[in-house]
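Whole structure, please, built from the sequences with the hints as guidance.
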Amino acid sequence: MNRVFVKGDVTRYLLHPWVYSNNVINGDAEKGDCVEVYTKNKKFLGSAIYNPDSSISLRFYSRDKEELDYLAIKKRIIIALKRRRLFFGEGDSFRVVFSESDMLPGLIIDKYGDGVVVQINSYGMEKRRRDVFNAILDVLDPVFLYEKSTSYARLQEKLKPREKLIFKKFEDLNLSEYIIEEDGIKIMVDIEKGQKTGYFLDQRINRRKIEKWAEGATGLDLFSYTGGFTLRMLKRMRKVYAVDISEDALNILKKNLQLNNFSNDRCLAEKKDVFEFLDEAVYYKIKFDFIVIDPPALIRKAEGKRKAINAYNRLLRSSIKLLSKGGAIAIFSCSNYIKWEDMYNILKEATGYSGRNFVILEMMSQSPDHPVLSTFPESEYLRGFLIKEVIP
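Quick note on our numbering: the sequence shown kicks off at 1431 and runs consecutively.
I should point out that these hints are in silico values taken from the structure, not numbers from a laboratory. Hints are supplied without guarantee of correctness; some may be wrong.
Result set (DSS-like, lysine-lysine): computed pairs, CA atoms no more than 25 Å apart in a straight line [stated by the list, open to error]:
1) K1669 - K1715
2) K1461 - K1590
3) K1639 - K1818
4) K1731 - K1769
5) K1588 - K1616
6) K1616 - K1598
7) K1495 - K1512
8) K1702 - K1715
9) K1616 - K1557
10) K1642 - K1623
11) K1504 - K1599
12) K1755 - K1717
13) K1495 - K1473
14) K1472 - K1495
15) K1685 - K1642
16) K1599 - K1639
17) K1737 - K1751
18) K1735 - K1778
19) K1701 - K1623
20) K1626 - K1751
21) K1684 - K1669
22) K1626 - K1512
23) K1731 - K1588
24) K1616 - K1684
25) K1588 - K1626
26) K1623 - K1599
27) K1461 - K1504
28) K1669 - K1685
29) K1472 - K1669
30) K1642 - K1751
31) K1504 - K1626
32) K1590 - K1639
33) K1642 - K1665
34) K1639 - K1665
35) K1642 - K1616
Because the structure is a prediction, the values reported are computed rather than measured.
See the structure below:
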């Protein structure tokens, strides 16, 4: 392998999996090559994929001298799968590979029942796509393999979106209405048109927590998507209002109600901008006993942080106005730029402004199939609080 030298000493990097372009001294390698990375004092740091055209020029995949070929990719998938088996069963749906956290930078592999969706977000993995697909087929033996490389991260790597069916074992498999099961609940997933890779697997543990805490007569699921939280709330509550801007998502939500034998009169699914819904609900003084706020990422770049914080604040303040006495609210952020401190400050400001006393019942993060790498804080992106009003 060729060598690439970087500025500073070992302490500058501390096993962080990225090196930015402004820290690369010279790189005698082709775009997408595996390289050995050294400090200017010739201290070996590890093996990485090199991309001089990206702001993240080096992505480490090993701290040893190792090529990232088919066998190395396959080995990492096997190791990652073995860790997930500690939490999930054979037929479960979960993230098998979470990019840098599994030493496969820029690669996402999601298992939906017996099928697999793959997302390639880096040039290095794009260059090795055939090895990636072969390793997935050999290790997971899926009934289908679907590529959904449409994330914003590809733009940063100067890659065009790519989406296609790679493999399907049975011709009659309907990927737009693919059924999975989660904790005894049937979920219809639109693999082809759904958000992210089809479903929000990262919220699985939090959906269990919502089911545990949901109580009262009426619930509200804001940014409901296809009803992951709605279905859990319906197991404990008499009626749930689900609000989302996507008609396609709400249509699947209604099918999910049928799959789980929930009558339509127990769930009102409304296609509407959530902020508009909140304004109207506050005006008409509608009350809910339990509210979930799970918006899509409200920020993609650091400069949008203040605007995003204001939006979260508005969401929480309005929701508190709709909350019945003694009710509870769960609020989530899936943006890496919104840290725990930011979330707590949003919580403190909104609850303080309301004049009502709340306690924090849960601090919630992503499910264990989305592991946080200790030297890579960027791998933690999902943060949430569950709060409940305390009545003296």
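How the hints compare with the structure:
Using a Cα cut-off of 25 Å, the hinted pair K1669 and K1715 holds, with the two alpha carbons roughly 17 Å apart. At most 25 Å may separate the alpha-carbon atoms for a hinted pair to count; K1461 and K1590 meet this at roughly 16 Å. Distance hint between K1639 and K1818 is fulfilled; the C-alpha atoms sit about 14 Å from each other, no more than 25 Å. Among the hinted pairs, K1731 with K1769 is consistent with the structure: their alpha-carbon atoms are about 14 Å apart, no more than 25 Å.
For the given pair, K1588 sits about 38 Å from K1616 by alpha-carbon distance, which is inconsistent with the 25 Å threshold. Note on K1616 and K1598: the hinted pairing holds, with a Cα-Cα distance of about 22 Å set against a maximum of 25 Å. Between the alpha carbons of K1495 and K1512 the distance comes to roughly 24 Å, so the proposed pair stays at or under 25 Å and holds. Using a Cα cut-off of 25 Å, the hinted pair K1702 and K1715 holds, with the two alpha carbons roughly 18 Å apart.
For the proposed pair K1616 and K1557, the alpha carbon gap of about 37 Å is over 25 Å, so the pair is violated. A threshold of 25 Å between alpha carbons decides the hint, and for K1642 with K1623 the separation of about 31 Å lies outside it, so the pair is violated. Simply put, K1504 and K1599 have alpha-carbon atoms about 21 Å apart, close enough for the 25 Å limit, and the pair holds. Distance restraint check for K1755 and K1717: the Cα-Cα separation of roughly 9 Å lies within the 25 Å cut-off, and the hinted pair is therefore satisfied.
For the hint pairing K1495 with K1473, the CA-to-CA distance comes to about 13 Å; that is within 25 Å, so the pair holds. Note on K1472 and K1495: the hinted pairing holds, with a Cα-Cα distance of about 14 Å set against a maximum of 25 Å. Restraint check for K1685 and K1642: satisfied, since their Cα atoms lie roughly 24 Å apart, inside the 25 Å limit. A distance of roughly 36 Å separates the Cα atoms of K1599 and K1639; the hinted pair therefore is violated under the 25 Å criterion.
This hinted pair checks out: K1737 and K1751 have alpha carbons roughly 21 Å apart, not beyond 25 Å. The hinted pair formed by K1735 and K1778 meets the criterion: a straight-line CA distance of about 18 Å does not exceed 25 Å. Of the supplied pair hints, the one linking K1701 and K1623 holds, its CA atoms being roughly 18 Å apart against a limit of 25 Å. Distance hint between K1626 and K1751 is unfulfilled; the C-alpha atoms sit about 32 Å from each other, more than 25 Å.
About 14 Å separates the Cα atoms of K1684 and K1669, which keeps this hinted pair within 25 Å; it holds. Proposed proximity of K1626 and K1512 is supported: the alpha carbons are some 24 Å apart, at most 25 Å. Among the hinted pairs, K1731 with K1588 is consistent with the structure: their alpha-carbon atoms are about 17 Å apart, no more than 25 Å. Of the pairs offered as hints, the one joining K1616 and K1684 holds, with about 12 Å between alpha carbons and a cut-off of 25 Å not exceeded.
This hinted pair checks out: K1588 and K1626 have alpha carbons roughly 19 Å apart, not beyond 25 Å. A distance of roughly 20 Å separates the Cα atoms of K1623 and K1599; the hinted pair therefore holds under the 25 Å criterion. The suggested pairing of K1461 with K1504 holds, with an alpha-carbon distance near 23 Å, which does not exceed 25 Å. For the hint linking K1669 to K1685, the alpha-carbon distance of about 17 Å falls within 25 Å, and the restraint holds.
For the proposed pair K1472 and K1669, the alpha carbon gap of about 65 Å is over 25 Å, so the pair is violated. At most 25 Å may separate the alpha-carbon atoms for a hinted pair to count; K1642 and K1751 meet this at roughly 23 Å. For a cut-off of 25 Å, the pair hint linking K1504 to K1626 stands: about 24 Å separates their Cα positions. The hinted pair formed by K1590 and K1639 fails the criterion: a straight-line CA distance of about 38 Å is larger than 25 Å.
Straight-line distance between C-alpha atoms of K1642 and K1665 comes to about 10 Å, which keeps the hinted pair within the 25 Å bound. Pair hint K1639 plus K1665 holds up; C-alpha atoms about 12 Å apart against a cutoff of 25 Å. For the given pair, K1642 sits about 18 Å from K1616 by alpha-carbon distance, which is consistent with the 25 Å threshold.
When held up to the earlier numbered hints, the structure conflicts with 5, 9, 10, 16, 20, 29, 32 and fits the remainder.
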